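*Asks:* Listed below, chain by chain, are the residues.
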Amino acid sequence: MRNGRHVSILCTMLTVVALVTLGCGPQGDSTTVKELSGAGATFPYPLYSKMFDTYDGITGVRVNYNSIGSGGGIKALTDKTVDFGASDAFLTDQEEVAMGAPVLHIPTCVGAVVLSYNLDGNPALKLDGAVTANIFLGKVTKWNDPSIAALNPGLSLPDLAITVVHRSDGSGTTSIFTSYLAAVSPSWKSTVGAGKSVSWPTGVGGKGNDGVAGMISQTKGSLGYIELVYAVQSSMPFALLKNASGTFVTPSLASSAAAAAVTLPDDLRVMIVNSLGKDAYPISAFTWILVYKEQNYANRTLAQAQALKKLLTWMLTDGQAVNEALSYSKLPAPAVTKALALVDSMTYGGTAIP
Amino acid sequence: MAAQPSRSDRRELVRERAFTAAGVTAAVALVTTIVLFLLELFVTSRSSRAAFGWSFLWHSEWNPVTEKFGALPMIVGTLVTGFGALLISTPFALGIAIFLADYAGKKVSEPVKYLISLLGGLPSVIFGLWGLFVLVPLVSKFEVWFGKLVGSEALVASGTTGVGLLAAILLLAIMILPFSASLILESLLVVPTELKEGALALGATKWDTIQNVELPYVRKSTVGALVLSLGRALGETMAVTMVIGNGMKMPRSLFDPANTLASAIANQFLEATSPVYIASLIQLGLILFVISIIINIAARIILRRGVQQ
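So the protein lines, in turn, are chains A and B. Residue numbering for the first sequence follows my numbering, starting at 717 and increasing by one per position. Residue numbering for the second sequence follows my numbering, starting at 60 and increasing by one per position.
Careful: at least some of the hints might be erroneous.
[As the list claims (entries may be wrong)] Simulated crosslink set (PhoX-like; lysine-lysine; CA at most 25 Å straight-line):
| no. | chain 1 | residue 1 | chain 2 | residue 2 |
| --- | --- | --- | --- | --- |
| 1 | B | K200 | A | K936 |
| 2 | B | K127 | A | K936 |
| 3 | A | K905 | B | K200 |
| 4 | A | K858 | B | K308 |
| 5 | A | K958 | A | K842 |
Hints in this document: simulated from the structure, not taken from any laboratory. These numbers were taken from a predicted model, which means no experiment stands behind them.
Given these sequences and hints, build the entire structure.
*Replies:* Shown next as structure tokens:
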């Protein structure tokens, strides 16, 4: 009886060890590429999973995407463990050096960040860059501040403290929003700066879009920033924002796409916040897929490089049809042209990929 | 027994040895894992130590843009929420344990014990949600009332969200309560019946017995139980992050948003990209690890002494 128990425990242990060892075993490689893998940003995850699902249906190529965050995506690409990375912020010069080889930034959609608030009666609020920056700097602290009143004639705003709500986790959303504030306010640029996490002068932090949205919906007099997709889905009120050409613009798929319809640099490694487009919503930005320009690395085959190129080309063309249904803006035509040129510039062993 | 080992005895011996070997391997693997853990944390955080040295421990600026990092606000946040929660939950834990051990009949104590273990097994995100939607608005009301009471314009004006140190302390107090209550109850239940009966026979009342016999008997194991609960409070992440406000600045009052080591790591690690930033976050983990080790060792020492007594 006692012996029997010993043996069964021993067997269990050995089985576990065997299973773990098997799990680590090498996987067989096939000549035709049926699988690609990517990792990175969480913001475009719903879009990518729908796109890759559709792509699998058409071509039979499965794409595994892990939304582990931009940082993780960049690290995975640096370590060469994935075919592509994804990030909401373009690589800093320092990060690009760490990559060891030139990396291409392929935009896939335009995202927008909106200012959401909690005020009695949900008045249609208008804001501009300077006032928004001053609120987030803690210089404007009351809703009935003259600078807010001046932008909202006819609205009677309460004598209520403004509770600033920001993201507590590092996020591409914060990067876009702080880049905008840095673009419109010199004092924001010099005291706080832009990045995925910053040292906030004031306010409370919520984790994720849902954390910020939860905090806003619970606190009278709060103002915070969330992604347009999230605001639309959870029907949060959002403010109209004055853009660089002086028009008050409602954030929408069309107005954030309009922000990208300006002259863009060829490498598309650019922040399009405070865009000069007439109908452009100013807090808009690309989200990118990152790939190595030279695809012959870490024992990759030409077939893998071809499969990746085909996938990226599809995402920029037919795949764009998925965008709007999921509340992501399509890339405007000039941006698509430039992005396709970038994809075509990928090489394998120094020559263009056929 | 017999000088000549029989066949079945030899088989028995082989089994015995194989089992011992498997057991030793498992034990060594556990120890190795912990050592490797510490080593890995130490190695991967070295660029932060190279950049900031010991000053990392007492600098209070945390700025990912300029890459200046100091851990003091998070260390303070961790210790204040942990000890604050302990302070609030201890009287309740003692009360529950004494009630269940000496006053409640079986019909009451069994379901209550069950509820306590149920509470202890709830996922922390549920506590977090409850905290955010129920506790935080209450704290916010208290904050407004308190601000008016002491006439502090700043408290009332600075936005009364309710999230901050106080909300985190209250939530943690509730979260560690089942843990400390059941540990104290366990030790109360092993107080020898002879001691209790002896005291009662001498004419002591129930309260006298509890005060003079039972509590002194379990004093040390109670302290050990509380320290173990403290360890839990210090490492709690999800629920805390939902109610503490995640401010990276040094809190000046209990109503201020603050952050703990665990919550700062959980919030920022995913999107941290620059090497010094990542190393600094890992360094926070190392600090938390060291704090937990110190507290656990303290608990072991106290518990052992409690048993010896």
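*Asks:* Decide, hint by hint, whether the structure agrees.
*Replies:* Do the hints match the structure? See the list:
Our distance criterion of 25 Å between C-alpha atoms is met by K200 (chain B) and K936 (chain A), whose separation comes to about 12 Å. Under the criterion of a C-alpha separation no larger than 25 Å, the hint pairing K127 (chain B) with K936 (chain A) is inconsistent with the structure, at around 34 Å. Note on K905 (chain A) and K200 (chain B): the hinted pairing is violated, with a Cα-Cα distance of about 36 Å set against a maximum of 25 Å. Only pairs whose Cα atoms come within 25 Å are accepted, and K858 (chain A) paired with K308 (chain B) is accepted, the gap being roughly 22 Å.
Proposed proximity of K958 (chain A) and K842 (chain A) is supported: the alpha carbons are some 8 Å apart, at most 25 Å.
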